[in-house]
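Kindly produce the complete structure, drawing on both the sequences and the hints.
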Amino acid sequence: MVFSRKSVNDGRWHHVAFSVFRRFPKGMKLFIDGKDEGSADPTSIVNLVTGSSLTIGSRNRMFKGLIDQVTIYNRALFPKEIIFRYLGGSTYPAEKIRQYLIQ
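Residue numbers (UniProt numbering): 1 to 103.
Note that these hints are calculated values from the structure, not bench results.
Each hint should be verified, as a subset may be incorrect.
For lysine-lysine, the following DSBU-like pairs were computed, each having C-alpha atoms within a straight-line distance of at most 30 angstroms [claimed, not checked]:
| # | residue 1 | residue 2 |
| --- | --- | --- |
| 1 | Lys80 | Lys6 |
| 2 | Lys64 | Lys35 |
| 3 | Lys6 | Lys64 |
| 4 | Lys35 | Lys6 |
| 5 | Lys80 | Lys26 |
| 6 | Lys80 | Lys35 |
Below, the structure written as structure tokens:
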């Protein structure tokens, strides 16, 4: 499980991404608005594939908000790819991405 101190219940849209690099101790990452907000160790988890349903939003209580443009990839995205998508996708200038990374 990955936790963050960043709040997303402020009435604004947020870009939230989750990525798992299975072989790295800090390979389970949570990104909010393009920034790395938390990590966990997926190497101790025996099996990430289960027969369970995927839940997006909240599992135990009502999610109050809207979820839009959900995308699930068949591989883990690198942090730069997540930032790239947060900043606007394939047409976003490389210089703007560099500026965002050094903030």
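Here is what the structure says about each hint:
no.	hint	verdict
1	Lys80 with Lys6	20 angstroms, holds
2	Lys64 with Lys35	23 angstroms, holds
3	Lys6 with Lys64	17 angstroms, holds
4	Lys35 with Lys6	10 angstroms, holds
5	Lys80 with Lys26	16 angstroms, holds
6	Lys80 with Lys35	10 angstroms, holds
Hint check: no violations occur; every hint is consistent with the structure.
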